[in-house]
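Peer 1: Following the hints, complete the assembly by docking chain E onto the known chain R.
Protein chains: 2
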Amino acid sequence: MRIAIDVMGGDLGPPAIIGGVAKAACLHPNAQFLLFGPSRQITAELSRLPQPLAAAASRMVVCDATQFVSPDASAAWALRHGQQTSMARMLRSLVHPDGVPGADAGVSAGNTAALVALARREIGTLPTVTRPAISTSIPTRNGRHCYLLDLGANVDSPAQRLVEFALMGAVVAQCVDGIARPRVALLNVGVEATKGGRVVREADALIRSMGEASLFDYQGYAEGGDLFQGYLDVLVCDGFVGNAVLKSSEGLARMLVERVQATFESRLTGRLVGFLARPALKRLKQELDPVRYNGASLLGLSRTVVKSHGASHADGFCYAVVRAIDEVTQTLPERLAQRLVQLPRRCE
Amino acid sequence: MRIAIDVMGGDLGPPAIIGGVAKAACLHPNAQFLLFGPSRQITAELSRLPQPLAAAASRMVVCDATQFVSPDASAAWALRHGQQTSMARMLRSLVHPDGVPGADAGVSAGNTAALVALARREIGTLPTVTRPAISTSIPTRNGRHCYLLDLGANVDSPAQRLVEFALMGAVVAQCVDGIARPRVALLNVGVEATKGGRVVREADALIRSMGEASLFDYQGYAEGGDLFQGYLDVLVCDGFVGNAVLKSSEGLARMLVERVQATFESRLTGRLVGFLARPALKRLKQELDPVRYNGASLLGLSRTVVKSHGASHADGFCYAVVRAIDEVTQTLPERLAQRLVQLPRRCE
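Heads up: the sequence lines are chains R and E, in that order. The first sequence runs 5 to 352 under this note's numbering. The second sequence runs 5 to 352 under this note's numbering.
In short, the hints are calculated from the structure, not lab data. Each residue gets a CB set at the ideal place from its N, CA and C atoms; glycine is no exception. Any given hint could be a false lead.
Stated by the list, open to error - Selected chain R positions facing chain E (in silico; Cβ < 10 Å): (1) Pro-18; (2) Met-64; (3) Leu-344; (4) Val-345.
To be verified - In silico negatives: residues of chain R with every beta carbon more than 12 Å from chain E: (5) Ala-59; (6) Val-66; (7) Asn-158; (8) Gln-178; (9) Arg-187; (10) Leu-210; (11) Gln-223; (12) Ala-226; (13) Leu-256; (14) Leu-285.
Chain R on its own, in the form it takes in the complex (with noise of 0.2 Å):
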């Protein structure tokens, strides 16, 4: 197995990727990894990685590519100027590889928008699916997880694109979680049929004509509270919607392990209290950061591409690569296709 790395666009530079690459490498030592980026500085990250990273050196193959996407470029300038990007490169090495071998699965810790973009028009999409979506799992009371999508990729989505990311949650759901009828609902401001938008109810009608032939179990609507309940594996909502959950639930949880240090920290018992709890409070702060330390994948097109968190640390980075060769193995990309060739005509 090959996987594309673009070695540019975390915000932590190319020693954490390269560092993430190789702890992912130590973890797959069949795999190979094609590194996208500055060829010098790869090299000099690569002869830097300490024992038993450094061995995983042999493994990958640089292909230089000096140019690349900066945080805020918007898609509009990627598709007109970004040909030559490292995340271009990485992308188009899935399917017409450029002087270099192919490979199974990209992964970027870029520019979301741009990576949405370039994605479509280098990988293209599956036959049924016009945009891809992005979808993360998300930790749950119970320790399970649950895949909210779309997280961004398409806003103003209209019903029948709710119905392909439901589909496709619950593709993910089965392929790499082995869950036989994944759990799937759609957000909503209410569990009651009368409640919502035009596009959530036409979006509810069309899955419930699907009837017996689909291949999950349809829960209703549920609330932005159950996400955490531990009861849904797929929770299905516009673009819009999921980014603004993901976000906040971000920033509420940074906020929540800030607070809870804080209180430990005011008194002197608190001080006791907060030492002790440290090795704690640092789990819960990795768990409750799904994105930094599970990926996001990008669903419905032809090939497997996660993006990995902007702002990841070697370890998330090499979460998003593992995330990538599941995927890969699960051969997810064709299953989905078999799927959503499938069923979409069932619910028109």
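Peer 2: Below, chain E without anything else, positioned relative to chain R:
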């Protein structure tokens, strides 16, 4: 001052509501309270109040109402069949008192959809407002708070209504919190001008066209995580999005506090830490459940109406009553009316 209370509709029943009213009464010794609900039950609860709360009972008038709006009733049901419910009669007492002395503000812990619908009919909205918005104050990292609106009274809001929300949020931050020029932002999927859906970009253009006439300091777009950063006083979004953000935040906060507790209880030192940490965790839990502890205001009505969280204990209901008293003291509806008549024309 006279505050009308819907005694029915809270998940914990009349005892929590009446306990909360009594606490608020002790804090505001000149206020009177009209209690709408089954008179026999209310009288029994009042007689059970311990000292010093019992002394406040002399300032409470029992207004018999045996019908009530159930938590799962639809707005349509409330409008058709709810005229004699404790909620409708409480609201009516704010405008055309039927047999009871009129009240200055109303508080209910009941069904939100019914409360919005009945309030629109019984009280009416301010001249330029078509539908009320729901807002609550969210705690932030630096101890200040941020008003988030709308929380679900409006879905599929057009741009002009988002501008209304911005104005109303700004007036609340001015009147209740004394912020001379509140910092207001529009929630979006990114801060760049090219981001987001049509409606949000339209609202952005409308607000920018208001220019210097604006009573607030417009910050442009903000992302979900900015809600908790402490540099915004008001964050504006459609009710579908706000509801998802609020409810997912409540769910996440609950999960986080549980996790912190569980982490501390898993080992021996952990149990010690957990024991020492208990008061801090309790405080944290309260801070992080904004609606339960602050109540949510219905803005844009011609009278003050505050919605307490359905699951509120006496303390939470007390805060909601105090919130209503503050809004009356600050003549919030009148100041909203002045601002809303004055400004929207300039942004058309």
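Peer 1: Run every hint past the structure and note whether it holds.
Peer 2: Hint check:
no.	hint	verdict
1	Pro-18	25 Å, violated
2	Met-64	33 Å, violated
3	Leu-344	24 Å, violated
4	Val-345	29 Å, violated
5	Ala-59	35 Å, holds
6	Val-66	32 Å, holds
7	Asn-158	10 Å, violated
8	Gln-178	25 Å, holds
9	Arg-187	16 Å, holds
10	Leu-210	18 Å, holds
11	Gln-223	16 Å, holds
12	Ala-226	10 Å, violated
13	Leu-256	5 Å, violated
14	Leu-285	8 Å, violated
The structure is inconsistent with the numbered hints 1, 2, 3, 4, 7, 12, 13 and 14, although it conforms to all the rest.
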